[in-house]
Amino acid sequence: MNSMNVTDIVNPINLVYKKNSVLTDLPMHYCPGCSHGVVHKLLGDIIEELDIQEQTIGVAPVGCAVFAYKYLDIDWQQAAHGRAPALATAIKRLLPDRYVFTYQGDGDLAAIGTAETLHACNRGENIVIIYINNGIYGMTGGQMAPTTLLGMKSTTTPKGRMYERDGNPLDMPKLLAQLDGVCYVTRQAVHTVGAVKKCRRAIKKAFEYSALNKGTSIVEVVSTCNSGWKLTPDGANKWMVENMFSQYPLGDIKDTIQAEKK
Amino acid sequence: MLMKGNEAIAHAAIRCGCDGYFGYPITPQSEVMETLMELEPWNTTGMVVLQAESEVASINMVYGAAGCGKKAMTSSSSPGVSLMQEGISYMAGAELPGVIVNVMRGGPGLGTIQPSQADYFQAVKGGGHGDYKMPTLAPASVQEMADLTVLAFDLAFKYLTPTMLLADGIIGQMMEKVVLPPYQPRLTEDEMRAKYPWATLGKPHGKKPNHITSLELLSEDMEKLNKRLQARYRTLEKEEVRFEEIACEDADYVFVAFGISARVCQKAVEIARSEGIKAGLLRPITLYPFPVEKIKELSNRVKGFISVELSAGQMVEDVRLAVNGKVPVEFYGRMGGIVPSPNEVFNALKDKLIQ
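Which chain is which? The protein sequence lines are C and B, in order.
Quick note: the first sequence uses my numbering, first residue 168, plus one each step.
Quick note: the second sequence uses my numbering, first residue 902, plus one each step.
These aren't lab readings, by the way, just hints derived from the structure by calculation.
Be aware that a few hints might be false.
Simulated DEER-style distance windows between Cβ atoms [what the hints assert, rightly or not]: (1) LYS364/C / LEU1081/B: 55 to 63 Å; (2) GLU1117/B / ASP192/C: 18 to 26 Å; (3) GLY1107/B / VAL173/C: 26 to 34 Å; (4) GLY1107/B / ALA378/C: 21 to 29 Å; (5) LYS429/C / LYS1125/B: 52 to 60 Å; (6) GLN345/C / PRO1009/B: 33 to 41 Å; (7) GLN345/C / LEU1081/B: 41 to 49 Å; (8) ALA378/C / LEU1081/B: 33 to 41 Å; (9) LEU1119/B / VAL173/C: 34 to 42 Å; (10) ASP1055/B / LYS429/C: 51 to 59 Å; (11) ASP347/C / ALA1095/B: 35 to 43 Å; (12) ASP1055/B / GLY418/C: 52 to 60 Å; (13) GLU1146/B / ASN380/C: 49 to 57 Å.
Computed list of lysine-lysine pairs in DSS-like fashion (alpha-carbon distance at most 25 Å, straight line) [to be verified]: (14) LYS364/C / LYS429/C; (15) LYS186/C / LYS1109/B; (16) LYS372/C / LYS429/C; (17) LYS1108/B / LYS208/C; (18) LYS185/C / LYS1104/B; (19) LYS1104/B / LYS237/C; (20) LYS208/C / LYS1104/B; (21) LYS1197/B / LYS1026/B.
Just a few of them, taken from the derived set where beta-carbon distance is under 10 Å, the chain B residues facing chain C [unchecked claim]: (22) SER955; (23) MET962; (24) GLU987; (25) ASN1111; (26) ILE1113; (27) SER1115.
Cβ atoms here follow ideal geometry from the backbone N, Cα and C, with glycine treated the same way.
The task is simple: from the sequences and hints, build the whole structure.
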């Protein structure tokens, strides 16, 4: 009996999964279990599928995703903390036929960059905002974010977030959805295969919408930060489902373009 | 044409092929954006003009535009320029060209809307964090508001650095005759790709992507970036010093002043000469790089310098460094938005240096 060798198995006929060509081969610096890697992959998938690699310019934040520019093989600018929507505004205004997106965390978008985010959305800049909300400052070691849940422990709320002292968790997408400049707001997650598929469709829609000049598209991805949350990757997923989703329920919040079609 | 200094900046920006202006209103420079909005350059040259939500956003829009190789600028006045310091430092770190206009008003704090020159330190010593320098041009007339706007863009792109036009409330507000610079077409995208291969215009097929960033986590790489910046600053200091000398050839006493103070000192030189005192004026046009060699040379043949500024005394420190103790260096200044008269300055020269 002839034994099989590796070339019998690794050949195009047997290919069931192929990494998209936009993701670079660089090993990611993210912690095991972190949602960033999956969202990066989805972005690479969409950019490849829409064949817009040469027309896409990304704006990276300050936060764990500061190195996003190393992982997707497109032109990138790295912004000061919270200022990504201001950069994206200028890029899109000066290069209106390009696809421009920001990739921002909850500290970046919902705390230090609220003004830049809100006003870019209010002007209806034709950009995509990818918003990673894990309820904590991951890169600086797990401090309270504006999105941190009440009672949730962080290094700056060691006994849990208190409304009286810290206010309530801030739901930026809900707030931004009220603006006429915003055409699409959706809240997704990437903790299951089904969720990843839905998130992929949402990101694709956002990129397609941004080419219609109908305003800003926002995709929030409710994410885990198992190291910041001091949980295992699996435990973090469970904790997210049990705690984050009630505060940040998944699904579309606004879709004016879909509504127009109906 | 007769126009305000602030208006001259707007006209010059359009004419030199500026791609984008991003600003936020603040007295005494709001005419820059108002003039642009009235001129509607998006209908002629295609220049984008956008009123941003803050000076923080404005400077970051300039960053984004500059990262695409575009000629971009913003303008503000002192409190607004303080807000821009983060963005300016990021631009310096990311080696991005751009022009920032500061039509200075009196501080600290909300201060006054009257003219001042008290942001000299902030402009020439690096107002934001980290080791960087910013070419700083000081117009002293409406004509120079136009001419130096064009030069500021040239320097910004030659040295890949944010570049400042440091004017004051009077130069911004006063009206004078001006000959506007000729029209230069905006660069096409192909020209931009050829001239600025680092620009993020979308990654061409088969090429490496461009990254605009000031982040280097490896100490060795960060030091390398710093050394590259410092080498560039040394070249700037060698190649780009600009100044005007008025009656310095036989001068015993030299005023050192920029902007509106230089205009006052010019008159004070005339008064001094009419009274038999050989006074001259050295007017730095580039505040960074500072005319160190010129002052050194003058210090070998004059009896003293007096720096005249609308501040508590900032540039005088650089004059003293250049003179290095050879002859006395005195200071005269007014604050709070007050501009001294030529006689007042002449009397200061007599009191501090001659008697």
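Hints, verified against the model:
Our hint of 55 to 63 Å for LYS364/C and LEU1081/B holds, since their Cβ atoms are close to 59 Å apart. At about 21 Å, the CB distance of GLU1117/B to ASP192/C agrees with the hint of 18 to 26 Å. At about 30 Å, the beta-carbon gap between GLY1107/B and VAL173/C stays in the expected band of 26 to 34 Å. The supplied range of 21 to 29 Å is met by GLY1107/B and ALA378/C, whose beta-carbon atoms lie about 24 Å from each other.
Between LYS429/C and LYS1125/B the CB atoms are about 57 Å apart, so this pair conforms to the stated range of 52 to 60 Å. Between GLN345/C and PRO1009/B the beta carbon distance is about 39 Å. The supplied range of 33 to 41 Å therefore holds. Against the hinted window of 41 to 49 Å, the Cβ-Cβ separation of GLN345/C and LEU1081/B comes to about 45 Å, which satisfies the hint. Evaluation of the 33 to 41 Å hint for ALA378/C and LEU1081/B yields a pass: the beta carbon distance comes to about 39 Å.
Hint check: LEU1119/B to VAL173/C, Cβ distance near 37 Å, so the stated range 34 to 42 Å holds. The hinted window of 51 to 59 Å between ASP1055/B and LYS429/C holds, with their beta carbons roughly 55 Å apart. Our hint of 35 to 43 Å for ASP347/C and ALA1095/B holds, since their Cβ atoms are close to 41 Å apart. Between ASP1055/B and GLY418/C the CB atoms are about 53 Å apart, so this pair conforms to the stated range of 52 to 60 Å.
About 55 Å separates the C-beta atoms of GLU1146/B and ASN380/C, a value consistent with the hinted range of 49 to 57 Å. Distance hint between LYS364/C and LYS429/C is fulfilled; the C-alpha atoms sit about 24 Å from each other, no more than 25 Å. A hinted pair counts as satisfied when its Cα atoms are at most 25 Å apart, and LYS186/C with LYS1109/B qualifies at roughly 19 Å. Between the alpha carbons of LYS372/C and LYS429/C the distance comes to roughly 16 Å, so the proposed pair stays at or under 25 Å and holds.
Restraint check for LYS1108/B and LYS208/C: the C-alpha separation of about 21 Å stays at or below 25 Å, so the hint holds. Among the hinted pairs, LYS185/C with LYS1104/B is consistent with the structure: their alpha-carbon atoms are about 22 Å apart, no more than 25 Å. The suggested pairing of LYS1104/B with LYS237/C holds, with an alpha-carbon distance near 14 Å, which does not exceed 25 Å. Of the supplied pair hints, the one linking LYS208/C and LYS1104/B holds, its CA atoms being roughly 18 Å apart against a limit of 25 Å.
Straight-line distance between C-alpha atoms of LYS1197/B and LYS1026/B comes to about 20 Å, which keeps the hinted pair within the 25 Å bound. Below 10 Å, beta-carbon pairs count as interface contacts, and SER955/B has one with chain C at about 6 Å; its hint therefore holds. At about 4 Å, the closest approach between the beta carbon of MET962/B and any beta carbon in chain C falls short of 10 Å, and the interface hint on this residue holds. For GLU987/B, the interface hint holds, the least distance from its beta-carbon to any beta-carbon of chain C being 6 Å, beneath 10 Å.
Checking ASN1111/B against chain C: minimum C-beta separation of about 5 Å stays under 10 Å; hint holds. Residue-level restraint check for ILE1113/B holds (minimum Cβ-Cβ distance to chain C is 4 Å; threshold 10 Å). Because the beta carbon of SER1115/B sits about 7 Å from the nearest beta carbon in chain C, less than 10 Å, this interface hint is met.
Checked against the numbered hints above, the structure violates none of them.
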